[in-house]
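Participant: Here the protein sequences come in this chain order: A and B.
When you number the first sequence by the working numbering, it's gap-free, plus one each residue, and the end is 846.
When you number the second sequence by the working numbering, it's gap-free, plus one each residue, and the end is 419.
To be clear, the hints were calculated from the coordinates, so they are not data collected in a lab.
Glycine included, every Cβ here is placed at the ideal spot set by N, Cα and C.
A portion of the hints provided could be inaccurate.
To be verified - Pair by pair, the computed Cβ-Cβ distance ranges are:
(1) N60(B) - Y670(A): 38 to 46 Å
(2) P713(A) - A285(B): 27 to 35 Å
(3) A467(A) - K95(B): 35 to 43 Å
(4) I421(A) - V97(B): 33 to 41 Å
(5) G813(A) - F206(B): 41 to 49 Å
(6) V64(B) - L640(A): 37 to 45 Å
(7) P403(B) - I421(A): 55 to 63 Å
(8) V64(B) - G550(A): 49 to 57 Å
(9) R500(A) - M234(B): 27 to 35 Å
(10) P403(B) - Y670(A): 25 to 33 Å
(11) R470(A) - G373(B): 32 to 40 Å
(12) A802(A) - A285(B): 53 to 61 Å
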Amino acid sequence: MSQIIATGLIFVLMWSLKQFEWLDKLGGSTSSSTMTVGFILLIGYMAGKAAFRFKLPRITGYMLVGILVGPYVFDLVSQPMTRQLDLINNLALSLIALTAGGELKIRELKALGKPLFAITLLHMVVLMIVFVGGIYFLKPWIPFLEGGDVRSVLVVGMILGTIAMASSPAVAMALINECRSHGEVTESVLGVTVLKDIIVIMLFSVVLTLGRAWMRPDIPVNLQFLATVGLEIMASIGVGVFLGYFITLYLRYVNAENTLFLIGVCFLSAETGLLFKLEPALIALSAGFFMENVFPEKGERLVHAIEQGSLPVYTLFFCLAGAVINMEALREMWLLALVLVMMRLLAVFVSTYAGAKWGSKNIFLAHYSWLGFIAQAGVSLGLAAMLLRGFPEWGGALQTLIIAMIAINQLIGPIGFRFALIRSKEAHF
Amino acid sequence: MRTIIGLSILIILGYLGAYHFRTFFKKSKVLDQFLNSGFLFILIGVLCGPFGMNLLSVRVIHQLDPFIYLGLGWIGFIVGLQFEMRLLKLVPKRIFFLAQLEGLVSLAVLFGGLWLLLSGLAGVMRSPVFEVWTGVIILSACGAVSSSLAARYYAKTLPKAQKALRPLEYLISLHVFIPVLALLILYSFFHLDQREGEHFSGWVWMVTHGLVGVLLGVMMFYLLKVKMRDNERLLLILGSIIFSSGIAGYLHLSPVVICFIAGIIFANLPGFNSLLMEAVLRRAERPVYFILLILAGSLWDFRSVWVWIFLATYMLIRFVAKGVAFLSVLKLEPSLELKPSYLGGMLAQGPLAIAFVIGYEVVYSSGFLPFIVTAILGGAMLNEILAGQLMLKAFPPQETDEMKRGESAGDIL
Numbered sequence: 418m419s420q421i422i423a424t425g426l427i428f429v430l431m432w433s434l435k436q437f438e439w440l441d442k443l444g445g446s447t448s449s450s451t452m453t454v455g456f457i458l459l460i461g462y463m464a465g466k467a468a469f470r471f472k473l474p475r476i477t478g479y480m481l482v483g484i485l486v487g488p489y490v491f492d493l494v495s496q497p498m499t500r501q502l503d504l505i506n507n508l509a510l511s512l513i514a515l516t517a518g519g520e521l522k523i524r525e526l527k528a529l530g531k532p533l534f535a536i537t538l539l540h541m542v543v544l545m546i547v548f549v550g551g552i553y554f555l556k557p558w559i560p561f562l563e564g565g566d567v568r569s570v571l572v573v574g575m576i577l578g579t580i581a582m583a584s585s586p587a588v589a590m591a592l593i594n595e596c597r598s599h600g601e602v603t604e605s606v607l608g609v610t611v612l613k614d615i616i617v618i619m620l621f622s623v624v625l626t627l628g629r630a631w632m633r634p635d636i637p638v639n640l641q642f643l644a645t646v647g648l649e650i651m652a653s654i655g656v657g658v659f660l661g662y663f664i665t666l667y668l669r670y671v672n673a674e675n676t677l678f679l680i681g682v683c684f685l686s687a688e689t690g691l692l693f694k695l696e697p698a699l700i701a702l703s704a705g706f707f708m709e710n711v712f713p714e715k716g717e718r719l720v721h722a723i724e725q726g727s728l729p730v731y732t733l734f735f736c737l738a739g740a741v742i743n744m745e746a747l748r749e750m751w752l753l754a755l756v757l758v759m760m761r762l763l764a765v766f767v768s769t770y771a772g773a774k775w776g777s778k779n780i781f782l783a784h785y786s787w788l789g790f791i792a793q794a795g796v797s798l799g800l801a802a803m804l805l806r807g808f809p810e811w812g813g814a815l816q817t818l819i820i821a822m823i824a825i826n827q828l829i830g831p832i833g834f835r836f837a838l839i840r841s842k843e844a845h846f
Numbered sequence: 007m008r009t010i011i012g013l014s015i016l017i018i019l020g021y022l023g024a025y026h027f028r029t030f031f032k033k034s035k036v037l038d039q040f041l042n043s044g045f046l047f048i049l050i051g052v053l054c055g056p057f058g059m060n061l062l063s064v065r066v067i068h069q070l071d072p073f074i075y076l077g078l079g080w081i082g083f084i085v086g087l088q089f090e091m092r093l094l095k096l097v098p099k100r101i102f103f104l105a106q107l108e109g110l111v112s113l114a115v116l117f118g119g120l121w122l123l124l125s126g127l128a129g130v131m132r133s134p135v136f137e138v139w140t141g142v143i144i145l146s147a148c149g150a151v152s153s154s155l156a157a158r159y160y161a162k163t164l165p166k167a168q169k170a171l172r173p174l175e176y177l178i179s180l181h182v183f184i185p186v187l188a189l190l191i192l193y194s195f196f197h198l199d200q201r202e203g204e205h206f207s208g209w210v211w212m213v214t215h216g217l218v219g220v221l222l223g224v225m226m227f228y229l230l231k232v233k234m235r236d237n238e239r240l241l242l243i244l245g246s247i248i249f250s251s252g253i254a255g256y257l258h259l260s261p262v263v264i265c266f267i268a269g270i271i272f273a274n275l276p277g278f279n280s281l282l283m284e285a286v287l288r289r290a291e292r293p294v295y296f297i298l299l300i301l302a303g304s305l306w307d308f309r310s311v312w313v314w315i316f317l318a319t320y321m322l323i324r325f326v327a328k329g330v331a332f333l334s335v336l337k338l339e340p341s342l343e344l345k346p347s348y349l350g351g352m353l354a355q356g357p358l359a360i361a362f363v364i365g366y367e368v369v370y371s372s373g374f375l376p377f378i379v380t381a382i383l384g385g386a387m388l389n390e391i392l393a394g395q396l397m398l399k400a401f402p403p404q405e406t407d408e409m410k411r412g413e414s415a416g417d418i419l
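For reference, chain A alone in the conformation it holds in the complex (with noise of 0.2 Å):
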C-alpha cells in the first residue's frame, strides 16, 4: 500500500513540475532527461510488479505504462525526451544484446541445429508467401494501394513478409531473464531470433532493391546498396567479435572495476554504430557470443554478472519503448494492423510447427515455441523508417501500417512468449 502511495505521489510531482517549463527557458543543462529517467524507473518497476501481480510479464507492464506516460497519452515523457534519450537507450540496448550473445552456445545450437535450420527457413518462405497472397487478396481495402498493379501488390506483400519475419531478440531476452528460463523451447526461440535478424537485414536490402527496380524501371538497379548492407553486417559482426576479444583480454589481466568496464563497452558499441553506421545491438550480440564460446568460464561469469544488475536497464529500456509506440499510427490503421497481425500469427505458428516436428522429437517446441517469435521492436522499426526514402508514393502510409503492426506484436509477445515458457516447463519462478 505504502508503495502505491508512493507512485501516485511520483505520478503527481512529476505532471504538476511540468506547469513549472518556463523554467527551461532560463539556460543551463536541460536535466528533464534525467528526471525522465528517474521516473520512468520508478513508475516501470511499480508496473512491472502489478503486471507480474496479474500473472502478466513485467514487461507488459513497463510497456504498458510507457504508453500512459508517453506522448500519447499523458505527455508526460514528451517525444523530444525520448529523443534525448537515444543514447541511453542504445547502451541500454547493447547491454540487453550483449547478454542475449553470451546465451548462445553453439555446443547448444549444434544440438539443435536441425530445428532450428527448418524453423528459420519455412519462417521465411511461409510469411513471404502468405504476405504477398494476403496483400492481394486485401488489396481493395488498403487505401495507398488503391489503383496499383500487380507490381505494387508483390512489392508490399514482400515488405511485409520480410518485416514480420523479424522478432525481438531485446523481448526474448528479457522473459528469458525474467523467467530464468532454460532448455530447448528458450534457446531455439533465442537461437533462431538473433539468426533471423541478421536474414531480415539483408533479405530486406534486396527487396528493397528489387522493388525500386520493378516501381521505378527508368531508374538504373543499385546493387552498391546490396554490398553496403552486407559490408555492414561484416563489420558489426567484426567489430563485435574484436570487443569480444577485448573483455577477455580485459578479464584476464585486469579484471577490475568490471561494470563500468562493459558500460565503457557498450558506449563504444553504440557510439561506433552511429559513427559508421553499423548495428549497435550485431555488434553486442556478436561480442556476447564470442566471448561465451571462445571462453566459456570468462563469459559466462560476465553474463551472470550483468543479469544480475540488469532490472534497471530492462525496466528502463521497455518503458521507452512502450512510450514511443505510436498510438497515433495504431488508430488510424488498427483494423488492417490487426487483420494482418492476425496472418502473421497463422503464419508464424504454421512454420514452426511443421519445422520443429520435422527438426525435433519435442512437443513443448512444436506447440508453444512459435509464441516467443510474435514479439517485434528495433529491427523492424528501423527497417519501416526506410520505406518513405524508398518509395516516396506509398512508403510513409505503409509505414504507418507497419508500425501499427508492431505495436499490437510488441504487446501480445511478451505475454506469448511467458506463456509458452511455463507450458513448456522451462520457466523456473
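Assemble chain B onto chain A, guided by the hints.
Facilitator: Same frame as chain A, now just chain B:
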C-alpha cells in the same frame, strides 16, 4: 580516423592504466592513494573529452546528463545518510560544534581571499557581478570541504596514525553542513531566475530545496519499506536518486543539497537499516562515482595558462584557510590531541567538492568556468598528493606497514 586512433589509444591506456600503472604506483603510498581516489578517471575523461580526442563530444556528454545527475545526487545522498541521529548522538556535542566552526572559519577565509581574486579577474574580463558572487561562493564551498578519504587511508595503512587521526576523521565527517549551507544559499539567492528577472525570491527557492528534499526522502522511505530483493532495492534507489536530482536540475536547484536532505530524512525515519542499505549501495557506488569523474574530466577546459596560475593561487588561499581553521580548533580544544602537523589530513578535497563544482557547471554559465573547474578538479588532485606527503611526514612509515586498499562505500566517500 580520429575516432579510431582515439579508440586505440584509449584501449592501450586503459590496459596500462588499469594494470601496469597500478602495479607500479602501488609502490608509493601517495600515488596508490591518488589512484584509489579515482582521480585517474578524471584524466581518462580529459583524454576522451571535447578538449582531448572528442570521443565524449559535447553532444554525447549532453545525452549522458542523467549519469552526471545520478553521480551528483548519489554523493549528496550518501553524505546525507551518514547523519543518522542514532549514531550522531554518540559523538560529543563539542566535537560537532568544533567541526562546524572549522567549516565556518575555512569558508570565511576562503570567501575573503577569493572575493579579492575574482573581483580583480572580473575587472579584466568585464564579468557581471552575478558571476563574481556565484564564482566566489562555489569556490569557497568547495574549498571548505575536506575529504576523510586520505585520513582514513593513512589511518588504515599506517598503524601509528590509526588512533591519532580518529578525531580528525570526526571533524571532517561532520563539517559538511557549512559548505552545504553555502551551496544552498548559492542556488537559492543566486538562482538562475534572479539573473533573468526575478520570479521568486531566494527564500522561496530555499524552502523549495527543503520541501523537495524532505518529500523525496519520505517517498524513498515508503518505496523501500517493503521486503524485496537486492536488485529491486538497487533499482528503486537509483531511480529515486535520478528522479530527485532530475527535479533539482529541472528547477535549477542543487541536486547535491536536495539528495543530501533526502538522505538525512531517509536515514532518520523509523526502520532504516544501514547495513542493508550499505550492501546495496556498495554494488553501484564505484561505477557511479567513476562515471561522474570521467564526465567531470571531459567537461574540464584547461587550455589557458591563466587557469593554472589561478589554480596555484586558489591552492594557496585554501591552504591558509584550512590552516587558520585547523589551528583555531586546536586552540579551542587541546584535549583532542591533534597536532598542527596533521593539517595534511584536512587538505584532501575528495568527491563532495567535485560534485559541488560539476553541479555548478551544469547549471550556471559563466566566463569564470574554466578557472573554477580547474581550481577544483586540479586542486582536488594536487591536494590529494599534498595531503599524502604531509601525512607521511607526520607519520613516517615503517617497513612492516602493510598496504591495504579498501573498496567499500565508506572508503570512497
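Participant: Could you tell me which of the numbered hints above are not met by this structure, giving the numbers in increasing order?
Facilitator: 1, 11 and 12
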